[in-house]
Amino acid sequence: MRDVAIIGIGQTEVGEHWETSLRHLALRALQGAMQDAGVTQVDAIYVGNMLSGELAGQEHVGALVADFAGLRGVEAFKVEAACGSGAAALRMGYMAVASGLVNLVAVVGVEKMTDALGPDTTSALALAADGEYEAAQGVTFVALNAMLMRRYMYEYGYSHQDFAPFAVNAHRNGVNNPYAMFRFPITPERFATAPMICDPINLLDSSPICDGAAAVVLAPAEAARALSTKPVRIAASAVGTDTLAIHDRRDPLVLDGAILSTRRAYEQAGVGPQDIDLFELHDAFSIMAVLSLEAAGFAERGRGLRLALEGEIGISGRIPVSTMGGLKARGHPVGATGVYQVVEVVQQLRGEAGANQVPDARLGMAQNIGGSGATVITHILERME
Amino acid sequence: MNVAGNWRLQQQRYRLVGEECEKCGTLIFPPRDLCPECEAPAKMPYVFSGQGEVYSYSTIYSPPRGFEEFAPYTVALIRLKEGPMLTAQLTDVESDKVYIGMPVEMVTRKIQGGDEGNPIVYGYKFRPAHLG
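Which chain is which? The protein sequence lines are A and B, in order.
First residue of the first sequence: 1, per the numbering used here; consecutive thereafter.
First residue of the second sequence: 1001, per the numbering used here; consecutive thereafter.
Just chain A, with the same shape it has in the complex:
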């Protein structure tokens, strides 16, 4: 096994790209990352994507992206793990380079969601849940999260308004990210009056339906310095899984998959939560942000919300989260999200996060969650001195 580094990053703006297809979104991000890395060729491309077949009428996107990127002939395939597809593709790329089988890998996360009509998108996203025992009952993905949020409020005595700091923080940070979908701040008052989607989840608890693509280029760490002036080492790459269905979990309010994933990542990197300078967590819904903070060891059970209420999730807080807007404000093009998170951690570790720069960031963590917690993929990145 050898160390792996990220030597290039690229991303498209997240939004409604009416004029751009799936393949061209992927291409833009990939070309951006290869240009940033200063390479014109890679040995393999792993594409993270969840719903190309359902929403864009296209499977087999590995070879497609390779072809349209002018890289016809290289190894390429799609990796799918629901909303965790992006980080799953990075995990594949990491293993390929770490094993010594492949030298230069491009990882692309891409999703094209806005071409489909609302009910079709809702049905497609529900594919992340248990098809026979959740989705078949007419349950939507938002409803699954809403039930978790309601139970959390019931068990620990929080009000809906207590969740406001997550959306406020994400939007505040999205303002300064040119790639974010939402670049306007919101107030707690606006959060309180946002339209209800699926009680208790309202519009501002929820990440948007959108399009986008992000990419990174990986190389052996020993070669990274010669290829890049600001390489970032992948200090840990780890996966944990859990039941697809929430009703099958040991305790629905505990993300066992996230506990396993972060524990494995901390062990591999030889660090603990106290060493992490920023955490790009999976805030698809504000309740997921809370449960992630608890599972990753930043708060005790039932106390994740306290961190936010005490102002500890901002750029200058104890554990900055969603530093470039998160899923909430940057946007959540599902299969691309995991790669966006990693691109943003790299920006932070390079000192290129502009107004949102976490001072002297050295170790950053990104955690991408598939479904309601069935696949959890954690990467810890370290600035190479």
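Just so you know, these hints were derived from the structure itself, not from any lab.
Below, a list of computed lysine to aspartate or glutamate pairs in the EDC-like style, where the Cα atoms sit at most 20 angstroms apart:
{"no.": "1", "chain 1": "B", "residue 1": "K1110", "chain 2": "A", "residue 2": "E132"}
{"no.": "2", "chain 1": "B", "residue 1": "K1081", "chain 2": "A", "residue 2": "D251"}
{"no.": "3", "chain 1": "A", "residue 1": "K230", "chain 2": "A", "residue 2": "E385"}
{"no.": "4", "chain 1": "B", "residue 1": "K1097", "chain 2": "A", "residue 2": "D199"}
{"no.": "5", "chain 1": "B", "residue 1": "K1081", "chain 2": "B", "residue 2": "E1105"}
{"no.": "6", "chain 1": "B", "residue 1": "K1023", "chain 2": "B", "residue 2": "E1039"}
{"no.": "7", "chain 1": "B", "residue 1": "K1043", "chain 2": "A", "residue 2": "E132"}
Not close to chain A: a few residues of chain B, all C-beta gaps over 12 angstroms, as computed:
{"no.": "8", "residue": "M1044"}
{"no.": "9", "residue": "G1050"}
{"no.": "10", "residue": "V1093"}
{"no.": "11", "residue": "P1103"}
Beta-carbon label-pair distances, calculated as ranges:
{"no.": "12", "chain 1": "B", "residue 1": "G1083", "chain 2": "A", "residue 2": "E189", "range": "42 to 48 angstroms"}
{"no.": "13", "chain 1": "B", "residue 1": "Q1010", "chain 2": "A", "residue 2": "R183", "range": "47 to 53 angstroms"}
{"no.": "14", "chain 1": "A", "residue 1": "A194", "chain 2": "B", "residue 2": "G1101", "range": "24 to 30 angstroms"}
{"no.": "15", "chain 1": "A", "residue 1": "N103", "chain 2": "B", "residue 2": "M1044", "range": "51 to 57 angstroms"}
{"no.": "16", "chain 1": "A", "residue 1": "S316", "chain 2": "B", "residue 2": "H1130", "range": "52 to 58 angstroms"}
{"no.": "17", "chain 1": "B", "residue 1": "G1117", "chain 2": "A", "residue 2": "P195", "range": "34 to 40 angstroms"}
{"no.": "18", "chain 1": "B", "residue 1": "D1115", "chain 2": "A", "residue 2": "P359", "range": "58 to 64 angstroms"}
Quick reminder that beta carbons are idealized off the backbone N, C-alpha and C, glycines included.
We have chain A already, so just place chain B on it with the hints.
Below, chain B alone, put in the same frame as chain A:
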């Protein structure tokens, strides 16, 4: 879900047939043929009573394809009396009357279909227990 997929689930949908682990006695629903507690093979059928209580719930206004006719409808995580939890729609109750801990019981209802030549899918929903 297609016809064959629905047909395979009829024992679960109509009668809540799950499983009992012969080794440790754990009751299992939905069936999975392996005990989640001790990993022993568990294929002995066990019919659940259909009695339970609401663990959590939400009301859906933007339904997925195939469920438009029911919207708005309330879904719930239900803790069965025997222990396992399942996901189902609530019926015969206004959404603002639902609460965590509410006793409920299984009934058989139309789940979806019946339009545009689609076969009707029947299955379990849950209603307030006092109606029985």
